[in-house]
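Undergrad: The residues making up each chain are set out below.
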Amino acid sequence: MSTRKRRGGASPSLEPVAGNGLLDRRALLGSGIALAGAAGAGTGALLTSAAAEPLTNGPWSMAPGLPVPPYGTPSKYEAKVVRTLSNPKLEPRTSGARTPHHLLNGTITPSGLHFVVARGGLTDIDPDKHRLVIHGLVKQPMVYTMEALHRYPMVTRIHFVECGGNGAPMFSKEPIKANVQALQGLCSCSEWTGVPLATLLDEVGVDPKAKWFIAEGADLPTMNRSIPLAKAMDDAMIALYQNGEALNPVNGYPVRLLLPGYEGNMNVKWLRRIKLVESPTMAINETKQYTILRPDGKAWQFYFPQEVKSFITHPSPGLNMKGPGFYEISGIAFSGNGRIAKVEVSADGGKSWATAALQAPVLSKAFTRFRMPWQWDGREAILQSRATDEAGHVQPSREAFIAERGPPRSTPNVAAFPMEHCNVIVSWGIGTNGEVSHVYA
Amino acid sequence: MSMRDQIALAAALLLTACAANAADAPRFGQPITAADIAPWDISIPPDGTGLPPGSGTASQGEKVYAERGCGACHGEKGAGGMSGPLVGGGPLDAKDREPQKLIGNYWPYATTVFDFTRRAMPWQSPKTLTDSEVYALTAYILALNKIIGETDVMDAQTLPKVKMPNRDGFISKYPEKY
Numbered sequence: 021m022s023t024r025k026r027r028g029g030a031s032p033s034l035e036p037v038a039g040n041g042l043l044d045r046r047a048l049l050g051s052g053i054a055l056a057g058a059a060g061a062g063t064g065a066l067l068t069s070a071a072a073e074p075l076t077n078g079p080w081s082m083a084p085g086l087p088v089p090p091y092g093t094p095s096k097y098e099a100k101v102v103r104t105l106s107n108p109k110l111e112p113r114t115s116g117a118r119t120p121h122h123l124l125n126g127t128i129t130p131s132g133l134h135f136v137v138a139r140g141g142l143t144d145i146d147p148d149k150h151r152l153v154i155h156g157l158v159k160q161p162m163v164y165t166m167e168a169l170h171r172y173p174m175v176t177r178i179h180f181v182e183c184g185g186n187g188a189p190m191f192s193k194e195p196i197k198a199n200v201q202a203l204q205g206l207c208s209c210s211e212w213t214g215v216p217l218a219t220l221l222d223e224v225g226v227d228p229k230a231k232w233f234i235a236e237g238a239d240l241p242t243m244n245r246s247i248p249l250a251k252a253m254d255d256a257m258i259a260l261y262q263n264g265e266a267l268n269p270v271n272g273y274p275v276r277l278l279l280p281g282y283e284g285n286m287n288v289k290w291l292r293r294i295k296l297v298e299s300p301t302m303a304i305n306e307t308k309q310y311t312i313l314r315p316d317g318k319a320w321q322f323y324f325p326q327e328v329k330s331f332i333t334h335p336s337p338g339l340n341m342k343g344p345g346f347y348e349i350s351g352i353a354f355s356g357n358g359r360i361a362k363v364e365v366s367a368d369g370g371k372s373w374a375t376a377a378l379q380a381p382v383l384s385k386a387f388t389r390f391r392m393p394w395q396w397d398g399r400e401a402i403l404q405s406r407a408t409d410e411a412g413h414v415q416p417s418r419e420a421f422i423a424e425r426g427p428p429r430s431t432p433n434v435a436a437f438p439m440e441h442c443n444v445i446v447s448w449g450i451g452t453n454g455e456v457s458h459v460y461a
Numbered sequence: 260m261s262m263r264d265q266i267a268l269a270a271a272l273l274l275t276a277c278a279a280n281a282a283d284a285p286r287f288g289q290p291i292t293a294a295d296i297a298p299w300d301i302s303i304p305p306d307g308t309g310l311p312p313g314s315g316t317a318s319q320g321e322k323v324y325a326e327r328g329c330g331a332c333h334g335e336k337g338a339g340g341m342s343g344p345l346v347g348g349g350p351l352d353a354k355d356r357e358p359q360k361l362i363g364n365y366w367p368y369a370t371t372v373f374d375f376t377r378r379a380m381p382w383q384s385p386k387t388l389t390d391s392e393v394y395a396l397t398a399y400i401l402a403l404n405k406i407i408g409e410t411d412v413m414d415a416q417t418l419p420k421v422k423m424p425n426r427d428g429f430i431s432k433y434p435e436k437y
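Each protein sequence line maps, in turn, to chains Y and X.
For what it's worth, the working numbering labels the leading residue of the first sequence as 21, then goes sequentially.
For what it's worth, the working numbering labels the leading residue of the second sequence as 260, then goes sequentially.
Hints may contain errors.
[Stated by the list, open to error] In silico EDC-like pairs for lysine to aspartate or glutamate, Cα to Cα no more than 16 angstroms straight-line:
#1 Y:Lys-308 - X:Asp-427
#2 Y:Lys-308 - X:Glu-357
#3 Y:Lys-231 - X:Glu-435
#4 Y:Lys-231 - Y:Asp-254
#5 Y:Lys-149 - Y:Glu-167
#6 Y:Lys-318 - X:Asp-427
#7 X:Lys-436 - Y:Asp-254
#8 Y:Lys-193 - X:Asp-355
#9 Y:Lys-342 - Y:Asp-254
#10 X:Lys-360 - Y:Asp-316
#11 X:Lys-354 - Y:Asp-316
#12 Y:Lys-193 - X:Asp-427
#13 Y:Lys-229 - Y:Glu-167
For the record, the hints were derived by calculation from the structure and aren't laboratory data.
The structure presented is a predicted model; accordingly, all values stated were derived computationally and were not measured.
Full structure from sequences and hints, please.
TA: Below, the structure written as structure tokens:
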């Protein structure tokens, strides 16, 4: 592969820095001139095809369009960028809606594409009739109208939310041939605005005997979870806004609990009650669900933080390669234990790794976009990403994960949850025909 | 007045000024009594605190199960259907298949059966069962799993005393924290 010097200074090397053509991440910085040499044989072909079609004025350049709508929706040409639904006919079971990570970029999930796990369909609450009660081991139980909640000083934070069951299909005996939306679509990242829970707890007065609080929603099953009180004093938020507008109805309108980094189910939507207590209430979702069965038959309970994870969104299944040449590999990394410190990418199934560029700002408990320049030579490759967080936790290999959790017994339906808190490294196989598919490596 | 006294006086004046100008912490909640919270105060912990009056047996529960159409989702005698089974489960350390996490082999507390049934079931019309109907359904499910006898009465006193088979099957992931 040829390299060219960047004008006016030393150019990062475009020699591969790891197996199968991974390039130095610094090649992505600055003007992009450094990448000119990487295009190689593809350049001439592109010039020819561009010249073959004359430039014309489209109809949109020659007549007025429609009136500007009061609330914007995406272009009709983006109609395929939607969530996939696990229960479109609302049968009496949980409804899941998964984020299409392979069709998005950046770090913020549009509110209408935020993942959903709902146990009673869309909970449609009239905010004027909704109340939040805080009681239990407090000096003065209080009830709050939504109007009252909006009067408190607010904070704005960018945080991911991930379902405890996200990535469960990765724990199958055989690799399930599905895309990143099906495999990892139960996580999303938003800018949230609301009232620190600590502010309201200061108002009601916490009894020193209180060690936990129960959070409960106003949805059909009145979903409830027990949460350590320390989290309330740390960074828990009574969230009212998502990406600048009122919470989306399926994400908890008019008010939800936000527990940055903790498993999604604990971030109780449609929040109506907080009760301070001495010990957990042992609700269904902290005993039957969201407990992790170990190989010895015992189960881990109170497995709260979502551990460090990353996955490549571009390329990924469904986004097939367009022939040899330059590609930007990019993906999402996050940790419930803080900031992402490093993401490494491999193109040879984990034999060699190169450090990816992290898109600033790198925020705590938020999606971090990573990018890696790649010169694909057209041969078979296996792409992987491996994230490390600031606490030093490293995303585990499949072997390490299975060593701890035990071997998968079956290959269930892609929508099943044979495992929770599954943050294993994700592998995309690249075929010589450019097809991208989920593989184990 | 010595310099020290002057400083002390200035400090005292400053404190007074601060107190006069101190903003009130934002307080927009309205006090509410336990009696007014009661309709929402439905969480039942393992020790049974908050369990309501009323009682039920397995045979009464079998009737409620039929009347309320529970079998449409959970199958005949809780054998399972669109929703998971209410009986059975098998060993939790099975190697040849995914172990099922069911009431009889997995749930650590009987109070959770009462709590969840009362708040969330039946799916089409939750919170419409009487407390005695919930006790009866809980008794029916526990008896199907042979955890209690066919004629045992479930009420606020007996339910928390039921020892579930997998009561000791859970380990805190972060025992140093919670």
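Undergrad: Work down the list of hints and note, for each, if the structure agrees.
TA: Okay, the hints, checked on the actual structure:
no.: 1; hint: Y:Lys-308 - X:Asp-427; in the structure: 14 angstroms, holds
no.: 2; hint: Y:Lys-308 - X:Glu-357; in the structure: 15 angstroms, holds
no.: 3; hint: Y:Lys-231 - X:Glu-435; in the structure: 14 angstroms, holds
no.: 4; hint: Y:Lys-231 - Y:Asp-254; in the structure: 13 angstroms, holds
no.: 5; hint: Y:Lys-149 - Y:Glu-167; in the structure: 11 angstroms, holds
no.: 6; hint: Y:Lys-318 - X:Asp-427; in the structure: 8 angstroms, holds
no.: 7; hint: X:Lys-436 - Y:Asp-254; in the structure: 14 angstroms, holds
no.: 8; hint: Y:Lys-193 - X:Asp-355; in the structure: 12 angstroms, holds
no.: 9; hint: Y:Lys-342 - Y:Asp-254; in the structure: 48 angstroms, violated
no.: 10; hint: X:Lys-360 - Y:Asp-316; in the structure: 14 angstroms, holds
no.: 11; hint: X:Lys-354 - Y:Asp-316; in the structure: 10 angstroms, holds
no.: 12; hint: Y:Lys-193 - X:Asp-427; in the structure: 29 angstroms, violated
no.: 13; hint: Y:Lys-229 - Y:Glu-167; in the structure: 31 angstroms, violated
Figure legend: structure checked against the earlier numbered hints; hints not met, in rising order: 9, 12 and 13.
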